[in-house]
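Since the structure of chain A is provided, determine the placement of chain B on it from the hints.
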Amino acid sequence: MSEATITARTASSLPDRVRLRNRRNAADFRLRAYGIAAISTAVGLLGILLFTLVLGGYSAFVQTHIRVDFPIAAENVDPANPAEGNWRAVVSDAMTTLLPGTHSPAETREIAKILTSNTQFFVRNAVIANPSVIGGTLTLDVPAADIFDQLNKGNISRETPEASRRVDDQQIAWFDTLVEQGRVSTPFNWGLFFNADSRFPEIAGLSGAITGSFYALLVCFLVSFPVGIAAAVYLEEFAPKNRWTDLIEVNINNLAAVPSIVFGLLGLAVFLQIFGLPRSAPLVGGLVLALMTLPTIIIVTRNALKAVPPSIREAAYGMGASPQQVIWHHVLPLSLPGILTGTIIGLAQALGETAPLLLIGMNAFITSPPGGLMEASTALPTQIYIWADSPERGFVSRTSAGILVLLGFLLVMNAIAIFLRQRLERRW
Amino acid sequence: MDMVAGKVKMTQQSVNAAMNPTDMLERPIRLTARDVTVHYGAKQALHGISIDIPDRAVTSFIGPSGCGKSTFLRCINRMNDTIEGARVGGTIKLDGEDIYDPALDVVELRARIGMVFQKPNPFPKSIYENVAYGPRIHGLARSRADLDEIVVSSLRKAGLFEEVKDRLNEPGTGLSGGQQQRLCIARAIAVGPEVILMDEPCSALDPIATAIIEELIDELRENYTIVIVTHSMQQAARVSQKTAFFHLGNLIEEGVTEDIFTNPANKQTQDYIMGRIG
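Same order as they appear, the protein sequences are chains A and B.
For reference, each letter of the first sequence is one residue, going 0 to 427 in numbering that gives the first Met the number 0.
For reference, each letter of the second sequence is one residue, going 0 to 277 in numbering that gives the first Met the number 0.
Same shape as in the complex, but just chain B:
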């Protein structure tokens, strides 16, 4: 704590969120990545990333802008496939299955690994339709009643139901920023994923909405594996159990959050946390 006293305050919340190292080591591993590289055309964005993501915990990726943390996040649910000229190398395995296996259906993969984006992007449809879209296209509901139940429970889990229960037919774009982001989280939850990826989910929100979402993440981690990219070290400290520090396309250091912030092994990590770089 002494090294970073001024920089990162370990609040009560983060003490609760923090886990002791033995806990972390005992958790089963959900995702493994080995030597993942990404090229955009001729430019190499990621240089051999290897990391394990533990089950039902929050892992955060931190690092300065342009360090590749969002790129790596998008590799996990193969969103880089939609980018022209992006080539992904190395292996990423979800529960032991290689997700880049050509025989694997990427549509089903994305139902198991959901994503929440930086800027809330609800569909220009009603709130109900936003949440119902995923279950519909994946055939998760057999009847209208089933669908209603999924929508309501997803909205409840995202902490949004009480606020919107009277206006489920109003457009999703009519909500405030924080509510829209929670709608996007509800939408991601509705398909029953195992992993939820969040790409700087709070960076476009005000502090109060941010606090609500962080609380939500804390509740969600009991049932979902969460990977969050954030440029706020305070957020990473508050919310995550495992932290990985990226810099210039390399994974510099990873470990239990408390250790990274109090006693980083690598000098670059230390510099970043102290605010000397990034």
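This is chain A alone, in the form it adopts within the complex:
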């Protein structure tokens, strides 16, 4: 053929080509749209969660305080033995003085209850620390009782009829008097972080839970980190490739997916009943969390070890290094960034685990932080669980506040993990 032309292998006519192009572009657009829709849904749900938490919890980060002048009269307090003084009288005398007019004994009791019921102990401790004020006046900012705290924050509406309201008109009138006197303030609620749990929400705090969680995580780290790394190093570097090691690998991967409550049952059966360790102790909590974190650390460490290029190992072997030297001097230091990142993420997961800790009893009502690993304690997630169940109005917002504190810790831990990963990442 003299005039043989090569026809291009595209659609034969212009309308066909246009149709193909339009279909392609539409498919591209749809793919991108699905992606954006998915991300928007995820971010939207997360946003709703955070918004609800903040809305519910922000008021717990401030606590209504009332400035009261407490006359420390000699008739109530003996300077020689201040601890045995009549502190209830000190408190009720101070409060009735603030509110003008005569009050019946019943009213006097109600007026004293505007302050938190532990006020007498606060005053007593302040005077014991500073005995020179006996005979004079001590001015303290004392937390208000829960219902007045809620009243001040507007959570108790004044419009509802008195019969169905938590505070009656008389109490509101007293409180308003104190507000007019300029004695009511709402400073930041440091007590949320530094007080232990309490029946009274106005003085309840997370310090016991934070300490308990810290001890439990410490035990978890100290147990799971060395064991996990040693197991992963053995499996990756030394174990022969046969059916037994395959079986072990499958089991470890499965363990990482076991529901955490099963580990709680295991802890209950083994640590509490067979070993006889004390119930609710951070030691037991830490051991149970360690069992949960171990598969994660093993998997993460193995991946980090696999990522070390074989050329480094060959170079080390060629130099006459023994297998143990190759691992200590070359492989582990190079895989450490990956191991650390994975460990921190595993610990962050362990921090938020509630079910296993509930089963070993770390949801007991403890009013002081644990002194050591063997003392009964709560943990952050279980403390939130307890507060969520409590009837007092103040605990509603404190539950959300507790969740926000827990999320804050998780955020910090994950941020550290990301920071470490970026700083220590190596390029061969």
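These are calculated hints, taken from the structure and not from any lab test.
Certain hints may be false.
Claimed, not checked - With a straight-line cut-off of 30 Å between C-alpha atoms, the simulated DSS-like cross-links for lysine-lysine are: (1) A:305 - B:42; (2) B:118 - A:240; (3) B:164 - A:240; (4) B:42 - B:124; (5) B:164 - B:92; (6) A:112 - A:152; (7) B:118 - A:305; (8) A:305 - B:124.
What the hints assert, rightly or not - So the derived list for chain B, only partly shown, Cβ under 7 Å to chain A, looks like this: (9) 81; (10) 106; (11) 109; (12) 110; (13) 114; (14) 120; (15) 133; (16) 136.
Where is the CB? At the ideal position from N, CA and C, for every residue including glycine.
This is chain B only, laid out in the frame that chain A set:
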């Protein structure tokens, strides 16, 4: 020369490197291998290799890809031990001692037989630490001053010292390819080996870096026994005194380099050199 006129040019360098046959026969033998076989699982990679490696000379292994020359090289310093499922048969003796004797410490063996790999693989540490690692783990230096001396002399012998003397604390991975390979050679020399094995040391380098390394090999052969695997026949001709031709896991022919390239006895060798196979 007439048979291979177009294929291999005997340059001045290789004339210097070349040795006459009587010289080669008189050299003491450092390594002997007898009937060495290697199996990877069920597959046999080497079929009964027997060869003598002369002392303080460069022996090159040539052959097409996959012919087993690297496998045999790795048998000499027992690097195949690190490969799962590799089985080595036959005997290899260094100075009369069987290196596969179970009583022999493989770590000490690898200090006597050093290795340089195809792709330069310095440790992700400083240049100083790279060279100092070997002497440290083998306890060759009694003090910091001793160690400094070993590092400096190894870098000098590898022809790298002048270029890096001001930056010994910088990472070894920051050097150019050719410098990295010389660092690896310095690292191998630092433990004071008797034999240096080189597995295609120049294949990842540019021609100028290659020329520098070949010159270095020529200097090193005065003090070390060198075995080099190369897929470049020109390199083998330039650098080595003895050449062995491998094909499909068999040792086809071995002898003085000049003889192999000018007058090979075996037809397969001739085909390879003429470029008809491989």
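Which numbered hints are broken by the structure, listed smallest first? Of the numbered hints given earlier, those the structure breaks are 3, 4, 5, listed in rising order.
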